[in-house]
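Protein chains in written order, with our numbering: chain A, 22 to 308; chain U, 1329 to 1491; chain G, 373 to 744.
Hints listed in this document are in silico derivations from the structure and should not be mistaken for laboratory results. Some hints here could point you the wrong way.
As the list claims (entries may be wrong) - Cβ-to-Cβ under 7 angstroms is the rule here; a few derived chain G residues that face chain A:
(1) Leu477
(2) Thr480
(3) Phe649
(4) Trp651
(5) Thr664
(6) His681
(7) Ala682
(8) Gly683
(9) Gln709
(10) Phe710
(11) Val712
To be verified - Computed list of chain A residues with no C-beta within reach of chain G, every gap over 12 angstroms:
(12) Arg71
(13) Pro141
(14) Val229
Unchecked claim - Examples of chain A residues toward chain U, derived with CB under 10 angstroms:
(15) Ala180
(16) Arg181
(17) Asp185
(18) Tyr188
(19) Arg208
(20) Ala209
(21) Gly218
(22) Pro221
(23) Glu242
Remember, predicted model here, so these are calculated numbers, not experimental data. Glycine included, C-beta positions come from ideal geometry on N, C-alpha and C.
Spelled out from the first residue to the last, the chains are:
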Amino acid sequence: MTARPPALAQLPQVLLGPAWARLESIQPEVEGISTFWLRFEDEELASTYRFQAGQFNMLYLPGYGESAISISSDPAVPDRLGHTIRFVGNVTRAFNRLRPGDLVGVRGPFGSTWPIDQLPGQDVILATGGIGLAPLRPVVYRLLAERHKYGRIVLLYGARTPGDLLYTSEFDAWQQAGIETVVSVDRADETWQGHVGVVPMLFYRLRVDPEKTWILSCGPEIMMRFVVYEALARRIAPERIFLSLERNMKCGQGFCGHCQLGPLFICKQGPVFDYQTLEPYLQVEDF
Amino acid sequence: MSKEDPAVRARLAEIPWFMELEQSHFDRLLSIASLRQVEAGERIFSESDEQDNLYILARGRVAIELHVPSRGRVRLATVEPLEVFGWSSVTPVVRLRTASASAVLPSELIAFPADRLRAACDADPTLGYVVMRRLANVIAARLMVTRLQLLDIFAHPSEGPTS
Amino acid sequence: MTVRTGDAFVIQKSSLDDLLGQLRQAGYETYGPRVDRGAIVYRPIASTADLPRGYSTEQKPGSFRLAQTGSRRLFDATPGADSWKPMLFPARQSLFEVTPSNGDLQLTFDQTEPTRRALIGVRACELAAIEVQDRVFLRPDFSDPGYRQRRENLFLVAVDCHDPAATCFCHAMGTGPAVRDGFDLALSELGDEFLVRVGSQAGASMIGDLQATPATAFHHQAAATATERAIRSQVRTIDTTDLPALLLSALDSPRWDQVGDRCLNCTSCTLVCPTCFCWDVVDTSDLATGRTERVRLWDSCFNPDHSYHAGGGLVRPTVRARYRQWLTHKLGSWVEQFGVSGCVGCGRCITWCPAGIDITEEVAALRQEAGE
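The following block holds chain A by itself, in its conformation from the complex:
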């Protein structure tokens, strides 16, 4: 044993091999996106696994590879994990060919979490678009579980067309339970009677109290940039604006080097960040 490093025996192993989970069901959401419901094969893991809103798992299909997928289900029901997946690359398209009963490798949970414990007594705006609602849905469930603890809760959600809106079957229930649900699309069809425009625009009709409003945002980076712009214009402090970022991830634990944004590892210090932390790096082109 050489002079350094010390205490190797005590360091926990990094998670490089997956645990197997059975695909219980596939829930088609919109075109090109489905939610995959997984349950760990190992009983103990199934009953002890916990995650917090904002975290993700690395899902593995042998022979294809891994994909970092946010957990989109209720943290209070952790024995069945929902992962909403958009089929855009080799691995995710392979998911589209799975059938219930197939095995999926899972490593996780990884990443930072939405600041739910700072929200009691505060007004919360969830500003999201497209599949960005997936990592925020756990927040909705958490907030609704104790609705009385929070102030005003507004969901601003946009997608390309009405057919691309996720989880629409839950909107009524959320509205009833006390979340002001405001939806818009970029392009309307003949049936759409709602807003047409972009998510940042939905801020225009909101009266916010900058002292007690928190913004939680997830979606295309350019959408989030404009959400930040609108939030700052309404004098909401950067420490109360939270974004969830996405980068190329291989290890999920901050040592393969791929997901870096400046000194930040998106998989480790993120994917959820407050804007104050991101500010020096987010607006730099091609960084």
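On the provided structure of chain A, position chains U and G as indicated by the hints.
Here is chains U and G on its own, set in the frame of chain A:
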């Protein structure tokens, strides 16, 4: 010249920008304003109409649409309460409507006849400046929204080698 | 004789072969520098006859040449493209295999016993690089199991650098040329003798049977003088004052366009760098058996796909952007991430860049721009 309508005054009082105006400017604008009720589905103005009014939406929702050959009526954007629309009637260069507007929900509009609004601005350059500055903000915000829609940020990205 | 950590001895040069023999008897494979086709490479060595006796190197941006000095010195040739990194972090490593069996999937990890390896002639910059990699792969919150195993089975025989190359700037980076700590044994080549410092219990146990006499003040002085000369001979320098802050405030500098034009995006710098740690994973399948293997490979931030993700495309689509990432990470962000600079001043990236790009020059240019 319309006599002052207390209903119009009440609506204008809900709009923050109006409440910040100098009294003389407020009165001048109030004197040319009128209220109009429209039903859901009612056409407010059409493309290539000669411009008639500048509108502020007091209640309801209005859709801005364009007729595109082989696509029919395409809804470009929606207008929310307190937003200005039909501003092309007031801008100096554009003389015809560039889009049509229809009510999506039963709506209440505050209408300002364009010719009288222009005349008021010409007569009082300070009022003109204040109004144009406000319209510049309105158009800028609309431009930003349009740009983001143009970017099609939710479109499916091109294929690639990794997950 | 009882030997303790911190002790210093003198051995005859010929005794180095005895040390190698002892290491091999203790089960270590011995590795060291060798001359091979005009370069210095790290390969297994059997005896001191395999070392680059009488060689030194002439290095400059984009150029590496061996020179024969005619001396009997064994360790004057400063490192070539090879670093010791593959000993701890292999370029290719199987992570696990998945085999379908009865509707289930069997996961098997590589169970090969790790080999004990003794590295002979590790320079101060290379020790510093190992320490940097330790901070990446062995962290308070987790460790890479493969790295940990290899690290535990490593024996380090360091050597003071007395003849730095023109591309070396370890002194400016505070990592050398003299070896300070992190070794099991440290050698300083003095004429026909070696001054040997004991750095650990393991090192102490290797000294025991050697013909060694306690080191005198004379020997320590000779080693110190050689180090002084080595420091003075380093021509390259870098001002590291507030370097992370400087780099992160210069992200829009036109200098990046300039260097981006020269850079060939060949990834040589990341390949030869002893601290670069980016890695990729690939999954391969055997159609006959249905078995799949997950393999870890070295990657480079210069690889265009490095920043590609399906949701957002290529984050760094230009060479300019990728060069900027490499340099600002190595000398800037790294400090915040790991508490030390990612650069140890070995100069490999300067020597082995076919375009002759010199990071000390790039930093100086950015600093001058900022000072204007």
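Here is what the structure says about each hint:
no., hint, result
1, Leu477, "holds, 5 angstroms"
2, Thr480, "violated, 9 angstroms"
3, Phe649, "holds, 6 angstroms"
4, Trp651, "holds, 5 angstroms"
5, Thr664, "holds, 4 angstroms"
6, His681, "holds, 4 angstroms"
7, Ala682, "holds, 4 angstroms"
8, Gly683, "holds, 5 angstroms"
9, Gln709, "holds, 5 angstroms"
10, Phe710, "violated, 10 angstroms"
11, Val712, "violated, 13 angstroms"
12, Arg71, "holds, 18 angstroms"
13, Pro141, "holds, 29 angstroms"
14, Val229, "holds, 29 angstroms"
15, Ala180, "holds, 6 angstroms"
16, Arg181, "holds, 4 angstroms"
17, Asp185, "holds, 6 angstroms"
18, Tyr188, "violated, 15 angstroms"
19, Arg208, "holds, 8 angstroms"
20, Ala209, "holds, 4 angstroms"
21, Gly218, "holds, 5 angstroms"
22, Pro221, "holds, 7 angstroms"
23, Glu242, "holds, 9 angstroms"
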